[in-house]
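Asker: Here the structure of chain W is known, so what remains is to put chain E in place on it, guided by the hints.
Residue numbers (the working numbering), protein chains in the order written: chain W, 1 to 58; chain E, 1001 to 1405.
No wet-lab data here; the hints were simulated from the structure. None of these values were measured; they are calculated from a predicted model. Don't be surprised by glycine CBs; every beta carbon is placed ideally from N, CA and C. Heads up, none of these hints are tricks.
Partial list, computed: chain W residues near chain E (C-beta under 8 Å):
1) GLY12
2) CYS14
3) GLY15
4) VAL18
5) SER19
6) GLU27
7) GLU30
8) ILE44
9) GLY52
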Amino acid sequence: MVTINVNKFKCGYCGACVSVCPAGALELVETWIEVNESCTSCGICAKICPVGAIEVKK
Amino acid sequence: MKNEYDVVVIGAGPAGSITAKTAAEKGLSVLLIEKRQEIGDPVRCAEGVSKVWLRKHIEPDHRWICADVKGSRIFAPDGTMVEMAEEIAGGEVGYVLERKIFDRALAYEASKAGVEVMVKTRATGLIIENGFIKGVNVSHLGQSYDIKAKIVIGADGVESKVGRWAGIDTSIKPADIETCAQYLMSGTGIDQEYCYFYLGNEVAPAGYVWIFPKGNDMANVGIGILGNKSGNGKHAIDYLNDFVNDKYPDAKILEMDVGGVPVSGSIERTIANGLMLVGDAARQSDPITGGGIINAMEAGKIAGEVAYNAISRNDVSTDSLNEYEVKWRETIGREIDNSLIVKNTFTKFSDKELNSLGHSLKGVNFSSMSLLDLLYALFKANKKLLWELRVLFKTVVKYELDFEK
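Next comes chain E alone, as it looks inside the complex:
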């Protein structure tokens, strides 16, 4: 570890590793620090990801792909199933990853590009001079060090402190976080080519249960509920236990994962003088799917490039770094905003309304439908929905967006 770098990246998840790799490929000196002793562990993720978008950042490798998914099966509270295959199930057809191996593979790619990686190294504060972030205080094996940097990247996840240290309020309200618990289980007997979603205010208030195949007869069985529905004696893990006991009393638990997913939508500011926030630290996860991997990598790519541009211009002020702010908001930000509209509508639905939507879509062949067709089908069933989603509808028509990655 040197005492000065062009860029110091805090956190070695997908956002941090891609930012670090991109900046190093441009020729910058980069330090990537991770507070844990193992990159990728513990897992706090359902591990589903879109194939097309993933390929933009890394060549798929069987060592970190557990399952290849061709569609989704969504269950309304009364059990009505809607099946969405190929293309429409959120754009993807996707993979289910092994994050423990995937995250390390991304850090490996960064190291190959010239990034210096340090584990068991935690940021404890920022070095701030004349309103500019000039570096990071870190603790490595209990020893403190000051590391200077032209630009600091906060990729420190949902529990991010970097933004707060720089004066950006990243605290999340209970209504803006999905609180999640998940078991890796064997013996559920699910079809390994599909992701399953169970909706309903009894199983998962303002959220859903997901089951993602993990290869052989394993699956991630998880639940996310909105933070404001949690507490009063019942937390995400209790809802998960109820679901699992009811549905898979004989399946076995091989791993337990917990986590919080920001579903606040875009926050006001993700830059400061000499600093950028990426990934969950910037609350860039998708408010409806909870997916954060692709958005994190997209943001990381932009941040790495902008870091290079800003350092080349010899200007790391917010005016200069605004290039990052503009670029991510124009791309992933737009989809995040759309998903937020859907989330705000979805979390208000009663079970009766969810059932009615399920009935209207039952038997529809989604493999040949566009997103617009899907919206039309939904609006036909529920006129109120057309009003509530009117903003989204307009943007979809304008930009022909997929609202999920």
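This is chain W alone, in the form it adopts within the complex:
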């Protein structure tokens, strides 16, 4: 169950979100972000994204 939404048109694929994810749920694969099922919707990635490309799905 993927609980965040990464707007790929806004994303600058910098990987900052990957570094702050406490669950290790994110991965920067070449030029896109992948999210796995360990995501807890904590929202830290959405908070720190430099371009505001991440939205937490509630």
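Answerer: Positioned in the frame of chain W, the structure of chain E alone reads:
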């Protein structure tokens, strides 16, 4: 690509390339993998670097140097300017690089030393046997391969997974990351011999705006704010847009870069059995300047040498690799720790305090001052600062350190 090497390095940034080159020069067989199709792109960096330290690793080349910088101009929130030239502006006098070309030049140096380089090749996991890292699972063009290695180097940047796979918690707290956005702009009209910094909690909460010259009339105009100040509808890019619209409404945007810079200071552990972390993956960027290139290259040099020593001893356990841990902490680690103290003080300053510091330094001739003189001048203006920076003050006196590279 073979299925076995002495050393596999994951990530071809400055940390990875220098580690790989150093290990290959010692005679080890080395594979350097990069997940992207182009080394050095996309840029996630303000591209400033100290001349003296850079020369220790590579001969400067006009093909990847955009500007030659002789000083910094720092602006307090009320506009008070402090100018620092030659020597004092953080030790450097520096260059502004073209990272896209620079990073590839470093990978080229590694390849010349005998390193095998593979792009579009991503690490997907570690091969672990009896508590020892024995190699890497990689994906190249969608095909999976297992590559054995005596030592694996995690140089996989801010988004590092290698450390986590090896059981080292490298996740960063929001208060320990600067979230950054930058435009390469033409037409700002800045003096190409200076770096500019704008402080203030309105322009850049717990961070600053930088403008670094990029040659001709171009400049990197960027901003970093502390992660815990980001969000609630306003992100780094929004602060940057506000600054640029206000200051340079007529300048043109030629490129957009974003990135996160670890400012956590030294992490607890950067080694495991058969594994070392270097550069941003080891959170070795400077907590106050955000500079990571020099620290990455210094750490890479040490890691390359230690890899050789450990393999020669036929012992790649943490006991053996501890040589790396000790050496980087004694050198760049010490400066990282000092910068962390400054960062923790700096990010708490109100605009009023920043203005007061600016006034106390206004008109001071920095070109003839040592770092100690600078600290004295600051302490005279702000007694509280002396207390908060007391630890730093002691170490500076003891080791006569520069706290910036």
